[in-house]
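Participant: The whole structure should be built from the sequences, with the hints applied where relevant.
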Amino acid sequence: MLNQRALAYLSEVIRRGSLRGAATHLHVDVSAISRRIKLLEETLDVALLERHAGGVKPTEAGRLLVDHHHAQRSAEDAVISRLRALQQLVSGQVRIAVGEGFIADLIDAPLQTFMTAYPGIDIAVEMAGVNEAMALVKAREVDLALLYAPPIDPQLHCHVETRQPLDLIVPTGHPLADRTTPVSLHEFADWPLALMDNPFGMRQMVNAVAHQERLHLHARLHTNSVAVLKNFVRSGIGVTFMPELTVAEEIQQGDIAVLPLAHKVLNDARAQIVSRADRELTVAGRACLDHLRHGMRFFQDDAPRLLNLALS
1 MLNQRALAYL SEVIRRGSLR GAATHLHVDV SAISRRIKLL EETLDVALLE
51 RHAGGVKPTE AGRLLVDHHH AQRSAEDAVI SRLRALQQLV SGQVRIAVGE
101 GFIADLIDAP LQTFMTAYPG IDIAVEMAGV NEAMALVKAR EVDLALLYAP
151 PIDPQLHCHV ETRQPLDLIV PTGHPLADRT TPVSLHEFAD WPLALMDNPF
201 GMRQMVNAVA HQERLHLHAR LHTNSVAVLK NFVRSGIGVT FMPELTVAEE
251 IQQGDIAVLP LAHKVLNDAR AQIVSRADRE LTVAGRACLD HLRHGMRFFQ
301 DDAPRLLNLA LS
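Just so we're aligned: 245 in the UniProt record's numbering is position 245 of the sequence shown, and the numbers increase by one with no gaps anywhere.
Quick caveat, the hints were computed from the structure, so don't treat them as lab data. Using N, Cα and C, we set each Cβ at its ideal position, and we do this for glycine too. Don't take each hint at face value.
What the hints assert, rightly or not - Just the calculated beta-carbon pair ranges, DEER-fashion: (1) S184 / A71: 46 to 56 angstroms; (2) E187 / A71: 43 to 53 angstroms; (3) S184 / R82: 48 to 58 angstroms; (4) R270 / A219: 16 to 26 angstroms; (5) E50 / Q155: 21 to 31 angstroms; (6) E42 / A227: 51 to 61 angstroms; (7) D290 / T180: 38 to 48 angstroms; (8) A47 / I152: 27 to 37 angstroms.
Facilitator: Below, the structure is given as structure tokens:
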């Protein structure tokens with residue numbers, strides 16, 4: 001049987017990139033970690049780490065072994081969680097990576113009602129752009145991620161998906177605000193523009209369309225904050241891109257107008273809840289997933305304006 005402590009040490013060494021980094025994080029001696037891993041290599045008669053000037057990296061065998069270790073741990077967590085559920089002792093923690101554009105929808109009601117319904121389950125929410133959120137899921141740092149316009153990744157399993165177009169957001173009173181037909185990127189290229197930074201799904205989609213159209217979009221403001229984008233538009237300075245539901249409150253208050261864009265890629269943007277494909281969710285994770293699926297407007301149905309078009 002594989003030594004579980006050795007596997008845990010190996011996993012941490014690979015995560016930290018060095019034996020010393022793992023030792024510092026685990027509060028054990030470097031020599032203890034080195035001995036355990038060396039004994040594991042001798043037992044299996046295979047090299048698990050490659051040493052180099054900057055630290056270590058896993059061999060193919062090392063990566064395979066660590067993936068097995070994580071899968072085993074996840075399966076154990078799921079079984080223990082189910083046993084607790086059977087005993088009506090639903091407890092645990094759910095870790096979620098979420099883009100700022102989802103936050104208002106998440107906090108508005110679903111998170112509060114979930115925590116009320118499951119007082120034994122703690123929630124950890126980590127803000128992240130789409131690239132970072134996907135990486136956190138794949139690294140098992142979070143259980144679930146709420147993603148906007150993610151690329152296809154076979155390591156992730158999508159539990160729910162809705163169509164949430166990326167729209168043009170303008171202040172009320174803007175010359176384009178009364179437009180009744182979709183707008184192309186060329187039509188507002190001269191207006192002051194604010195854009196999210198590159199790690200975010202919204203920006204990556206705009207970049208792809210601009211490249212396709214051979215158009216250089218000069219942003220007067222770059223930010224990693226949805227709140228900054230909202231205030232940029234609401235103050236009348238300029239325009240930006242955002243899904244309709246992200247600015248639902250501002251639309252209702254009459255501060256912001258939303259215009260569809262004449263680009264299929266932007267109109268086909270999707271919002272997703274994902275987890276790692278080879279990792280079984282705990283009972284707490286599944287309960288949280290179901291709550292988000294039915295409680296968040298982003299995941300109940302497609303964007304409001306799409307539903308209105310279908311009904312008209």
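Participant: Could you check the hint for me, namely that R270 and A219 are 16 to 26 angstroms apart, CB to CB?
Facilitator: This hint holds: roughly 24 angstroms between Cβ atoms.
Participant: Between E50 and Q155, is the Cβ distance one that fits in 21 to 31 angstroms?
Facilitator: 23 angstroms, holds
Participant: Starting from the hint 27 to 37 angstroms, judge whether the C-beta atoms of A47 and I152 obey it.
Facilitator: 34 angstroms, holds
Participant: Lying within 43 to 53 angstroms: is that true of the beta-carbon distance E187 to A71?
Facilitator: 51 angstroms, holds
Participant: Falls inside 48 to 58 angstroms, the C-beta gap from S184 to R82?
Facilitator: For R82 against S184, whose Cβ atoms are near 52 angstroms apart, the range 48 to 58 angstroms holds.
Participant: Just tell me: holds or violated, for the beta carbon distance of E42 and A227 against 51 to 61 angstroms?
Facilitator: Given range 51 to 61 angstroms: holds, Cβ gap about 55 angstroms.
Participant: Take the C-beta atom of S184 and the C-beta atom of A71, compute their distance, and say whether it sits inside 46 to 56 angstroms.
Facilitator: 48 angstroms, holds
Participant: That 38 to 48 angstroms hint for D290 and T180 (C-beta), does it hold up?
Facilitator: 39 angstroms, holds
Going down the numbered hints, you'll see the structure goes against none, and every one checks out.
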